[in-house]
Structure formats: structure tokens, C-alpha cells
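If you read the sequences in order, they're chains A and B.
Residue numbering for the first sequence follows this note's numbering, beginning at 7 and increasing consecutively.
Residue numbering for the second sequence follows this note's numbering, beginning at 7 and increasing consecutively.
In case anyone wonders, no lab produced these hints; they're calculated from the structure.
The list cannot tell twin chains apart, which means a pair is met if one copy fits it or any two copies do.
Derived DSSO-like pairs (lysine-lysine); straight-line CA-CA distance at most 27 Å:
#, residue 1, residue 2
1, 141, 107
2, 79, 141
3, 107, 145
4, 200, 169
Number of protein chains: 2
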Amino acid sequence: MTRPCIISVAITGSLPQKANNPAVPITPAEQIESTHEAFEAGATLVHLHVRNEDGSTSSDPARFAEVQEGIRKHCPGMIIQFSTGGRSGQGDERGGMLHLKPDMASLATGSVNFGSIVYANSPALIDDLAERMLKYDIKPEIEAFDLSMVFNTAKLVERGLIKAPVHLQFVTSIPNAIPANREVLEFMIKQYEKVCPGGTWTAAGIGRHQLELNKWALELGGHVRT
Amino acid sequence: MTRPCIISVAITGSLPQKANNPAVPITPAEQIESTHEAFEAGATLVHLHVRNEDGSTSSDPARFAEVQEGIRKHCPGMIIQFSTGGRSGQGDERGGMLHLKPDMASLATGSVNFGSIVYANSPALIDDLAERMLKYDIKPEIEAFDLSMVFNTAKLVERGLIKAPVHLQFVTSIPNAIPANREVLEFMIKQYEKVCPGGTWTAAGIGRHQLELNKWALELGGHVRT
Ligand SMILES: [Zn+2]
Ligand SMILES: [Zn+2]
Ligand SMILES: [Zn+2]
Ligand SMILES: [Zn+2]
Chain A
7 MTRPCIISVA
17 ITGSLPQKAN
27 NPAVPITPAE
37 QIESTHEAFE
47 AGATLVHLHV
57 RNEDGSTSSD
67 PARFAEVQEG
77 IRKHCPGMII
87 QFSTGGRSGQ
97 GDERGGMLHL
107 KPDMASLATG
117 SVNFGSIVYA
127 NSPALIDDLA
137 ERMLKYDIKP
147 EIEAFDLSMV
157 FNTAKLVERG
167 LIKAPVHLQF
177 VTSIPNAIPA
187 NREVLEFMIK
197 QYEKVCPGGT
207 WTAAGIGRHQ
217 LELNKWALEL
227 GGHVRT
Chain B
7 MTRPCIISVA
17 ITGSLPQKAN
27 NPAVPITPAE
37 QIESTHEAFE
47 AGATLVHLHV
57 RNEDGSTSSD
67 PARFAEVQEG
77 IRKHCPGMII
87 QFSTGGRSGQ
97 GDERGGMLHL
107 KPDMASLATG
117 SVNFGSIVYA
127 NSPALIDDLA
137 ERMLKYDIKP
147 EIEAFDLSMV
157 FNTAKLVERG
167 LIKAPVHLQF
177 VTSIPNAIPA
187 NREVLEFMIK
197 QYEKVCPGGT
207 WTAAGIGRHQ
217 LELNKWALEL
227 GGHVRT
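Taking the hints into account, I'd like the entire structure generated from these sequences.
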């Protein structure tokens, strides 16, 4: 490992709510403080979902603005990545906060099943989000939940909608999407390096799988996420 | 190649209409005759979509019944496979003709983008179609448009919703789904053989890709589709 590693933190996904886990940060103040703790512990990147007062996921630009402002103040230099994940709305709602110019934003480049739902990212939505990221000079983190999304990413680069070098996260172990399987990860990395030369990557897993994925990522030359 | 090969024919996909190609068979009589020609030329399996009078895709059980009856009469012994593909409706509409007990029916085990649309196959719909196929003793042909669908298939077998050995088709070269790429096909086959031991498979490609896929399938031990 001679490449620098980014230690990143997702302080809250789109699903857990206070009812499941009272420690999940919901209010902007809680989210800022929780990010600050991770920053003090060494995290250099935060992946951000925001919530409504009732704990449901939101893509309210005002919420994103408040949390971003707090993190910039409390955690100087930390990379802020907004989630454009699908649980917080469709179409325009998904990218309506990108004018806030976070450093990065997530971008899923295809559709797949997630547990019991269809995680729908239509090609038109993907183009729209990628165009906004270009316009506001936001670095996308591609979220690849299945193999086709790696190839779709390369096509977005060819079409000028994503700037090379690409940064991509292999998201494993969500039921009905790609499993946490070393052979599969290695194959996806190989294809990714072929079609997106010079790209960087991380690998994510759900729950107990994250530690395993971090280990594999270190061995295979990726970045690390906590 | 010591294994027997099935030569199959898809007389019409879900998309082409008379306006694009006047040779596309639309009426039951046309579909039966077109299948008969393929049968005489050596095809042993027909993959069937049916159409409304206006040429749009349909999952009308009466239409399927009429075409099936004609094929059974004209093409004795030919394997009839109904499409449960998504362009012809959602939910109950997708499997409402399975009580007609075709020999086989197609079953996509996940969601993916197809060209400009989201080809949504929710886990609930997949379970529903698989249960109907079990109930009516129909052999599913799994349609794998992406890698996760191979793993999802194994989980359906584990849950008793699909009987082993599995028959699966790798469907390549639909824009935004898995490309026609030999290395990808070989990897998918390897994973498939690992998680669905004893399974058989075919490989499909769109347009000019089909010949290439047939060649690869012959070399790699699959069946052939025309
Ligand atoms: Zn603080
Ligand atoms: Zn997220
Ligand atoms: Zn005839
Ligand atoms: Zn079909």
C-alpha cells in the first residue's frame, strides 16, 4: 500500500431511524456532532443523508445546507459527499440540493433490486444527476451495485457526463444486489480498471461485511470506508 | 461438444412492430406460421411474446392460448416457452397466462435498466411468477441481465421457489444491462456453475451479437439460440 487511503464515514444511511437505534443522528445538530466525532477520530470524508424532523429521509436543500455549513465549520478540510440515493425521492428531488456544491455526491449508474424494493435509477435520472454534478463541479462517487453499472459508468465518461479519472464504490451485500464475495469484487475491479483506466475505488458492505470489505480493499489497492 | 444442443427461436421480441419490420409476425396465425417455419428448419424451442391487434405487446391469456394451441398442432414436440417479460404489464398481468401450462416460461430474477427504461422486476413479482411456475409445473428459463441475477437465482432455489437443476439464459448486449463481452460471460458462467450446480444455460445477444454469443456458447458448453 503506497497509495494514500481515504478513511470515510457514513454517519447515517437512508434507512435506520431513531426507533431502531436511538444513537442514529437525525437533527442537523446531531448529524454535525456525529460527523465531528468521526472527524476527530480520523475520518476525512463524510457521506451524508439528511432527515426530516420525523426521521424519514429527505432531500430538502435547506437541510443539506445547514448540515454542510456546520460540518465545514466544525471539521475543516473534511470532504463532504451528499447522497443522491433513491429513498429520498425521484427525479428533480434527487438532485435538487446539488447547487450547494458539496465536494462530492453519490451517483448510482443503474437499477437493481434492494431487499424488497426496486431501486430505480432511470437513464434519464442518471444523466440529469451527472449533468448537475458537472455544472456545479462536484466530484461524483459512482455507486456500483451490480456489474452492468461499471460498464454504464464508462459510457457516461465517453459521453462527457463524468470526468475521468472516475471514483467508484462497489456496494456489496445489499440483499438482491451484488453479494460480498471476494472473487466477484476482484472481477469487478478488473473490469473497472479496464473500462475506466486510472479510476480509484472503495468497497462497501452492509453491517458485518464492512470490515471484510475494508480488508479486501486494502489488499487489492482500494480506499477504506468505515 | 458432447452435450445435446437446443436450437431455439424467438420469432418476435417484445419491441419490434410491423411499422419497423413488416415481416414481424403479429396475429396468432402469423405467429404460428412463423414458428412452424423455424420448426421445419430445425428449431426445437420457441420463446413466445404475443401481441394485441394493434401490434402492441400483450399478456392476454386468450392470445397465448390460441398461439400455443396452433404451435402444438403444427409443430409436434416443440418446446413452448412463454415470455413473462415486463413490457406486457406488471404484477398479476405478467403471469396471468401461466395456468395454460406452457412447457417453459421466462423469469427475470432482478431489475436493471434496458435502454431508456427501468426494467422493474420486484422481488414480490419474481416470487409470484416463480410460485405460479411451480404450481403449474412449468420449467422456468431464468433470464440473467446482470450478475446479481445469477446469485438471486440461487437464493430462489434455496427457498424452494425454483427446482434444481436450473436453466438460465445470459442475456447480453441490451444497452445499460450486461454487455456482449466474452470475459464477462465466462465469469458469469463460472459463478452460475458454482451457485447453481448442474444447471444448464444459453446466451443471448441482440442483433449482430447473437451469432457471436452462439459461438461462445458452443465453445463454453452452453446451448444455442437463434
Ligand atoms: Zn463539534
Ligand atoms: Zn448513502
Ligand atoms: Zn404451418
Ligand atoms: Zn422475450
